[in-house]
Amino acid sequence: DQQVKQNSPSLSVQEGRISILNCDYTNSMFDYFLWYKKYPAEGPTFLISISSIKDKNEDGRFTVFLNKSAKHLSLHIVPSQPGDSAVYFCAARVDTNAGKSTFGDGTTLTVKP
Amino acid sequence: NAGVTQTPKFRVLKTGQSMTLLCAQDMNHEYMYWYRQDPGMGLRLIHYSVGEGTTAKGEVPDGYNVSRLKKQNFLLGLESAAPSQTSVYFCASRDQVNQPQHFGDGTRLSIL
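So the sequence lines, in the order shown, correspond to chains A and B.
Quick note: the first sequence uses the numbering used here, first residue 1, plus one each step.
Quick note: the second sequence uses the numbering used here, first residue 1001, plus one each step.
Check before you lean on any hint, since a few could be wrong.
[Unchecked claim] Residues on chain A that point at chain B, a partial pick, calculated with CB under 8 Å: (1) Gln-3; (2) Phe-46; (3) Pro-79; (4) Asp-105.
[Claimed, not checked] Straight-line alpha carbon distances no greater than 20 Å define the calculated SDA-like cross-link-like pairs of lysine to any residue that follow: (5) A:Lys-100 - B:Glu-1052; (6) A:Lys-100 - B:Val-1050; (7) A:Lys-37 - B:Gly-1040; (8) A:Lys-56 - B:His-1102; (9) A:Lys-5 - B:Pro-1039; (10) A:Lys-100 - B:Ala-1002; (11) B:Lys-1009 - B:Met-1019; (12) B:Lys-1057 - A:Gln-3; (13) A:Lys-100 - B:Gly-1051; (14) A:Lys-37 - B:Thr-1054; (15) A:Lys-37 - B:Val-1060; (16) A:Lys-100 - B:Glu-1079; (17) A:Lys-37 - B:Val-1050; (18) A:Lys-71 - B:Gly-1053; (19) B:Lys-1057 - A:Val-94; (20) A:Lys-100 - B:Lys-1009; (21) A:Lys-100 - B:Met-1019; (22) A:Lys-37 - B:Gly-1053.
[What the hints assert, rightly or not] Some residues of chain A that are not near chain B, with every Cβ distance over 10 Å (derived): (23) Val-4; (24) Val-13; (25) Gly-16; (26) Asn-27; (27) Glu-42; (28) Lys-56; (29) Phe-62; (30) Lys-68; (31) Lys-71; (32) Gln-81; (33) Pro-82; (34) Lys-100; (35) Pro-113.
Treat the hints as calculated values from the structure; they're not laboratory data.
Think of the CB as a built atom: it goes at the ideal place given N, C-alpha and C, for glycine as much as any other residue.
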């Protein structure tokens, strides 16, 4: 039973347009959600997060939206840049539980110049 | 700014051999984690530690052991390597709640 799902293995967008990456979860106990970005041969790096008490968090070109009733979150990148091309992982956790994160399988974003 | 350092970066083992992967962090973080990532999949938690001298099982602990004798180091051991353990292993550390994990660059392990 996969508790965090990223249903799109890949996404291709044109430079300057919006990239929307989606993530669904099943465990209603999750109270903190994170997005990580991963380049080849490197470890994941933290991008942006959101607490379950919020429905939106913005950081520069990156915005994460949380819809608790639908158990869905999304990452918006505007405008997309070629350097954004990477694998994006959605992660969720219960923050009282030693911070153990459950990860989705990732979405490979390709931004074309 | 070293952050999280994993040693070695690559290793090839034969079935049945043993080895230890080392993770070192210089951020004085309490929490440390070992994950494995297989092709097309997300990271799966093997073991974790909430502080020096503590360890606990994660999602996929079988075939692995860990130790955290010093706060800055978290060791992952394979006592008898199996081909199913071929993977990329990531170590991560974290400070307090509502903080993200900091990852190392991974150890690519192949078992023949």
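For each hint, the structure was consulted:
Here the hint on Gln-3 (chain A) is broken, as its CB sits about 10 Å from the closest CB of chain B, past 8 Å. At a threshold of 8 Å, the smallest CB-CB gap from Phe-46 (chain A) to chain B is about 4 Å, leaving the interface hint in force. At its closest, the beta carbon of Pro-79 (chain A) sits 24 Å from a beta carbon of chain B; the interface hint therefore is violated under the 8 Å criterion. Satisfaction of the interface hint for Asp-105 (chain A) is found here, the shortest Cβ-Cβ separation to chain B being roughly 5 Å, below the 8 Å cut-off.
Taking the CA atoms of Lys-100 (chain A) and Glu-1052 (chain B), the gap is near 17 Å; set against the 20 Å cutoff, the hint holds. This hinted pair checks out: Lys-100 (chain A) and Val-1050 (chain B) have alpha carbons roughly 10 Å apart, not beyond 20 Å. Distance hint between Lys-37 (chain A) and Gly-1040 (chain B) is fulfilled; the C-alpha atoms sit about 15 Å from each other, no more than 20 Å. This hinted pair does not check out: Lys-56 (chain A) and His-1102 (chain B) have alpha carbons roughly 23 Å apart, beyond 20 Å.
Taking the CA atoms of Lys-5 (chain A) and Pro-1039 (chain B), the gap is near 16 Å; set against the 20 Å cutoff, the hint holds. Note on Lys-100 (chain A) and Ala-1002 (chain B): the hinted pairing is violated, with a Cα-Cα distance of about 23 Å set against a maximum of 20 Å. For the given pair, Lys-1009 (chain B) sits about 13 Å from Met-1019 (chain B) by alpha-carbon distance, which is consistent with the 20 Å threshold. Of the pairs offered as hints, the one joining Lys-1057 (chain B) and Gln-3 (chain A) holds, with about 18 Å between alpha carbons and a cut-off of 20 Å not exceeded.
A hinted pair counts as satisfied when its Cα atoms are at most 20 Å apart, and Lys-100 (chain A) with Gly-1051 (chain B) qualifies at roughly 14 Å. For the suggested pair Lys-37 (chain A) and Thr-1054 (chain B), the alpha carbons sit about 29 Å apart, so the restraint of at most 20 Å is broken. In summary, the hint linking Lys-37 (chain A) to Val-1060 (chain B) is not supported, as the alpha carbons are separated by about 23 Å, beyond the 20 Å threshold. Restraint check for Lys-100 (chain A) and Glu-1079 (chain B): not satisfied, since their Cα atoms lie roughly 25 Å apart, outside the 20 Å limit.
Among the hinted pairs, Lys-37 (chain A) with Val-1050 (chain B) is inconsistent with the structure: their alpha-carbon atoms are about 25 Å apart, more than 20 Å. With a C-alpha separation of about 37 Å, the suggested pairing of Lys-71 (chain A) with Gly-1053 (chain B) is violated against the 20 Å cut-off. Note on Lys-1057 (chain B) and Val-94 (chain A): the hinted pairing holds, with a Cα-Cα distance of about 16 Å set against a maximum of 20 Å. As the CA atoms of Lys-100 (chain A) and Lys-1009 (chain B) are separated by approximately 24 Å, the hinted pair breaks the 20 Å bound.
Our distance criterion of 20 Å between C-alpha atoms is broken by Lys-100 (chain A) and Met-1019 (chain B), whose separation comes to about 25 Å. Among the hinted pairs, Lys-37 (chain A) with Gly-1053 (chain B) is inconsistent with the structure: their alpha-carbon atoms are about 31 Å apart, more than 20 Å. The Cβ of Val-4 (chain A) sits about 7 Å from the closest Cβ of chain B, inside the 10 Å cut-off, so the non-interface label is violated. With a cut of 10 Å on Cβ distances, Val-13 (chain A) stays outside the contact zone with chain B, its closest approach being about 21 Å.
With 10 Å as the threshold on Cβ separation, the claim that Gly-16 (chain A) sits away from chain B holds: the shortest Cβ distance comes to roughly 28 Å. Every CB of chain B lies more than 10 Å from the CB of Asn-27 (chain A), the least distance being 13 Å, so the non-interface label holds. Distance to chain B contradicts Glu-42 (chain A) as a non-interface residue, since its nearest Cβ pair spans about 5 Å, not more than 10 Å. Separation of Lys-56 (chain A) from chain B is adequate, the least Cβ-Cβ distance of about 17 Å exceeding the 10 Å criterion.
Every CB of chain B lies more than 10 Å from the CB of Phe-62 (chain A), the least distance being 13 Å, so the non-interface label holds. Every CB of chain B lies more than 10 Å from the CB of Lys-68 (chain A), the least distance being 17 Å, so the non-interface label holds. A cut-off of 10 Å between C-beta atoms confirms that Lys-71 (chain A) is not in contact with chain B; the least separation is 17 Å. In this structure Gln-81 (chain A) is separated from chain B by more than 10 Å, as the shortest Cβ-Cβ distance comes to about 22 Å.
Even its closest Cβ contact with chain B, about 22 Å, leaves Pro-82 (chain A) beyond 10 Å, as expected for a residue assigned away from the interface. Look at Lys-100 (chain A): its CB is around 6 Å from the nearest CB on chain B, not clear of 10 Å, so calling it non-interface is violated. No beta-carbon of chain B comes within 10 Å of the beta-carbon of Pro-113 (chain A); the shortest separation is about 26 Å.
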